[in-house]
Amino acid sequence: MVSANPFFKYENSELPLGFEVPDVSMFGMLKIAAESQPDSLAYEYFGTKCTFGNLVKKIEEISGAYYALGVRKGDIVTIIMPNTPEAVISIYALNRIGAVANILHPLSAQEEIKNHINRVKSKVLLCVDICTEKISKIIDKTSVKKAIVASAGNSMPFVMKKLYALKCIKIFKYDKSDKRYLSWSEFAEKSRTVAEYSPKDGENREVAVILHSGGTTGTPKDIMLSNYNFNAFGIQAVLTLRDVKAGDKILAILPIFHGFGLGVCVHVSFCFGACSVLIPQFNAKKFAGILKKYKPTMLFGVPTLYDALLKAKGTDKIDFSFLKYAVSGGDTLPEKLENSVNEFLAAHNSSIKICEGYGMTEGLAALSLSVGENHKSRTIGKPLIGTEMCVVEPGTTNVLPAGEDGELCVSGPTVMIGYRNNPEETKNTLRVHADGKVWLHTGDMAAIDEGGFVHYKLRIKRMMITSGFNVYPTQIESVVEELDFVEKCVVVSVPHQYKKEVAKAYIVLKNGKEKSDETKEEIRAYCKKKLMHYSVPYKYEFVDLLPKTAYNKIDFMKLQKESAREAVC
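Under our numbering, the first residue of the sequence shown is numbered 15, with each subsequent residue one higher.
Hints are computed from structural coordinates only; laboratory data are not their basis. The structure displayed is predicted, hence computed values, not measured ones. A portion of the hints provided could be inaccurate.
[What the hints assert, rightly or not] DSBU-like mimics (lysine-lysine), calculated; alpha carbons at most 30 Å apart, straight line:
id, residue 1, residue 2
1, K307, K441
2, K72, K23
3, K441, K325
4, K300, K350
5, K350, K204
6, K390, K441
7, K502, K441
8, K309, K175
9, K151, K71
10, K338, K327
11, K214, K306
12, K471, K562
13, K204, K175
14, K87, K325
15, K307, K72
16, K176, K214
17, K544, K502
18, K306, K441
19, K441, K87
20, K193, K259
21, K441, K299
22, K176, K151
23, K514, K529
24, K299, K45
25, K72, K45
26, K181, K214
27, K214, K441
28, K471, K299
29, K181, K367
30, K214, K309
31, K128, K160
32, K529, K214
33, K327, K63
34, K214, K155
35, K160, K71
36, K128, K63
37, K309, K299
38, K567, K128
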């Protein structure tokens with residue numbers, strides 16, 4: 015019989031946060047969970063299974079291998095990996111010896127990788143084999159002394175591993191005689207016994223992981239997150255989703271280079287004592303098979319994941335009674351999609367409804383969630399236990415009353431340490447308010463109603479002003495996407511000689527709809543019915559695909575730069 019979650023004991027309503035955060039590392043937190051259910055599954059990867067007890071042993075072994083390469087407390091090791099056991103084990107192994115994991119997107123351009131490595135001065139690198147061609151071209155221009163090469167096939171079952179190796183043999187492009195490179199197996203063989211780093215006297219607030227902003231301003235930022243941040247978030251999740259038990263499963267499709275992926279799908283999963291089903295690459299065609307095979311208790315994803323759920327071949331034949339939670343985050347959940355997902359779940363034997371959360375990497379992951387007694391459709395719910403939110407007049411620290419739109423600010427235990435080597439941006443983002451608390455200024459517009467529910471509006475930087483009127487792109491996008499023949503709409507501003515800015519809509523049509531002037535007029539007429547006259551888009555352009563950032567979000571900046579050249583007289 016599985017025991018109750020060990021982290022419930024840290025709940026204490028008399029404390030300011032409502033709970034106590036143990037003074038341990040991320041690895042220490044994992045060990046607490048492992049001690050209560052050593053034989054429960056910690057992760058599953060293409061059928062390969064690992065219990066909590068064995069995971070701890072693997073982490074101890076690999077921490078000794080990193081130590082043998084000279085990695086010490088405070089050293090920053092760069093990890094460029096998809097969601098694989100080697101990546102997860104490495105993050106906790108580095109944490110076990112007090113080192114820092116700097117996690118990058120495997121599809122990052124080689125110059126971007128070079129700049130990231132040199133900014134943090136990594137001497138050791140772990141990369142997936144498909145990145146080796148890029149690494150081989152830049153390694154001489156970086157601080158890297160050792161590059162560990164792992165494969166997505168390393169932990170696959172034997173037959174699958176062999177097939178994967180044959181498929182990818184032509185893309186492993188590096189000089190294997192170069193002593194700087196080590197295969198994962200060669201690296202693991204270097205392991206030696208090494209003592210565990212145990213933070214004390216506030217040391218758990220030192221940096222443990224570095225993640226990276228999506229660069230919506232065009233300037234990449236290195237976000238420093240601590241053991242305290244991750245462990246506080248783990249307890250918040252345990253106390254919020256109280257019916258999650260050891261043995262439950264989380265589908266880890268969200269990538270570990272993102273706070274949502276690492277924070278929720280890995281660390282929180284371990285704090286639940288749940289099994290993290292590691293998926294290195296999302297494939298819509300295989301989505302139904304994955305859901306049918308693993309029957310995840312919890313599904314966390316961006317809105318496009320739920321769109322894929324509705325469209326994927328075979329999902330209509332699945333009984334979804336296994337789902338306890340379906341959470342959408344990372345982007346605004348359109349009302350039409352929310353309704354469609356809820357109808358789909360109800361029709362497939364599920365008693366739950368999709369709930370929307372809000373978060374940002376600067377706050378680790380989720381900061382609020384519309385779930386349970388804090389559920390309210392078309393809101394992002396209420397802040398997680400221990401987290402506070404307020405709305406201020408943009409550009410100030412002046413708190414606005416309930417119901418008024420302003421910049422959303424967050425204070426709580428998961429707020430980042432700051433941006434590494436960027437004190438100016440840190441000062442602009444983390445500000446002390448009149449109450450003496452440090453508040454994270456999110457750059458998002460929101461309103462908090464009388465009941466404490468948070469209504470997300472938009473990114474402040476996406477707001478445009480037309481003839482003195484505020485125009486909100488997300489509002490226009492929602493209206494256009496109400497049309498049955500519209501797949502996706504993104505709105506940006508175009509310079510205007512007299513009105514300052516006007517709206518331009520980039521539109522992806524569904525198959526079969528003609529890209530014609532008649533279609534544009536149909537959309538314009540619908541907008542005129544639904545929007546104030548100054549919000550109706552001035553220009554329309556049909557596109558087959560919308561550009562994405564490295565973090566798989568719509569690249570608004572790219573579209574904005576394109577539209578800036580289309581000044582209207």
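Structure-based check of all given hints:
At most 30 Å may separate the alpha-carbon atoms for a hinted pair to count; K307 and K441 exceed this at roughly 47 Å. Taken as a hint, the K72 and K23 pair is honoured in the structure, with Cα atoms around 27 Å apart against an allowance of 30 Å. Distance hint between K441 and K325 is unfulfilled; the C-alpha atoms sit about 44 Å from each other, more than 30 Å. This hinted pair checks out: K300 and K350 have alpha carbons roughly 25 Å apart, not beyond 30 Å.
For the proposed pair K350 and K204, the alpha carbon gap of about 54 Å is over 30 Å, so the pair is violated. A C-alpha spacing of about 34 Å is found between K390 and K441, which places the hinted pair above 30 Å, so the restraint is violated. The straight-line distance between the Cα atoms of K502 and K441 is roughly 36 Å, outside the 30 Å bound, and the hint therefore fails. With a CA separation close to 24 Å, the supplied pair K309 and K175 stays within the 30 Å bound.
Distance hint between K151 and K71 is unfulfilled; the C-alpha atoms sit about 35 Å from each other, more than 30 Å. Of the pairs offered as hints, the one joining K338 and K327 holds, with about 23 Å between alpha carbons and a cut-off of 30 Å not exceeded. Between the alpha carbons of K214 and K306 the distance comes to roughly 44 Å, so the proposed pair goes past 30 Å and is violated. Note on K471 and K562: the hinted pairing holds, with a Cα-Cα distance of about 21 Å set against a maximum of 30 Å.
Between the alpha carbons of K204 and K175 the distance comes to roughly 23 Å, so the proposed pair stays at or under 30 Å and holds. Distance check on the hinted pair: K87 and K325 sit about 47 Å apart at the alpha-carbon level, beyond 30 Å; violated. At roughly 26 Å between alpha-carbon atoms, K307 and K72 fall within 30 Å of each other, so this suggested pair holds. The straight-line distance between the Cα atoms of K176 and K214 is roughly 45 Å, outside the 30 Å bound, and the hint therefore fails.
Of the supplied pair hints, the one linking K544 and K502 holds, its CA atoms being roughly 17 Å apart against a limit of 30 Å. With a C-alpha separation of about 47 Å, the suggested pairing of K306 with K441 is violated against the 30 Å cut-off. Restraint check for K441 and K87: the C-alpha separation of about 27 Å stays at or below 30 Å, so the hint holds. Between K193 and K259 the alpha-carbon distance is near 46 Å, which puts this suggested pair outside the 30 Å criterion.
Under the criterion of a C-alpha separation no larger than 30 Å, the hint pairing K441 with K299 is inconsistent with the structure, at around 45 Å. The straight-line distance between the Cα atoms of K176 and K151 is roughly 27 Å, inside the 30 Å bound, and the hint therefore holds. Between the alpha carbons of K514 and K529 the distance comes to roughly 29 Å, so the proposed pair stays at or under 30 Å and holds. Between K299 and K45, the direct Cα distance comes to roughly 37 Å. Violation of the 30 Å bound is thereby established for this hinted pair.
Between K72 and K45 the CA atoms are separated by roughly 12 Å; this keeps the pair inside 30 Å, and the hint holds. A threshold of 30 Å between alpha carbons decides the hint, and for K181 with K214 the separation of about 48 Å lies outside it, so the pair is violated. A distance of roughly 27 Å separates the Cα atoms of K214 and K441; the hinted pair therefore holds under the 30 Å criterion. Between K471 and K299 the alpha-carbon distance is near 33 Å, which puts this suggested pair outside the 30 Å criterion.
For the given pair, K181 sits about 40 Å from K367 by alpha-carbon distance, which is inconsistent with the 30 Å threshold. A C-alpha spacing of about 40 Å is found between K214 and K309, which places the hinted pair above 30 Å, so the restraint is violated. The suggested pairing of K128 with K160 holds, with an alpha-carbon distance near 14 Å, which does not exceed 30 Å. Between the alpha carbons of K529 and K214 the distance comes to roughly 63 Å, so the proposed pair goes past 30 Å and is violated.
Distance check on the hinted pair: K327 and K63 sit about 27 Å apart at the alpha-carbon level, within 30 Å; holds. Distance hint between K214 and K155 is unfulfilled; the C-alpha atoms sit about 38 Å from each other, more than 30 Å. Taking the CA atoms of K160 and K71, the gap is near 24 Å; set against the 30 Å cutoff, the hint holds. For the hint linking K128 to K63, the alpha-carbon distance of about 35 Å lies beyond 30 Å, and the restraint is violated.
For the suggested pair K309 and K299, the alpha carbons sit about 17 Å apart, so the restraint of at most 30 Å is met. Between K567 and K128, the direct Cα distance comes to roughly 23 Å. Compliance with the 30 Å bound is thereby established for this hinted pair.
Comparing the model with each numbered hint stated earlier shows that hints 1, 3, 5, 6, 7, 9, 11, 14, 16, 18, 20, 21, 24, 26, 28, 29, 30, 32, 34, 36 do not hold.
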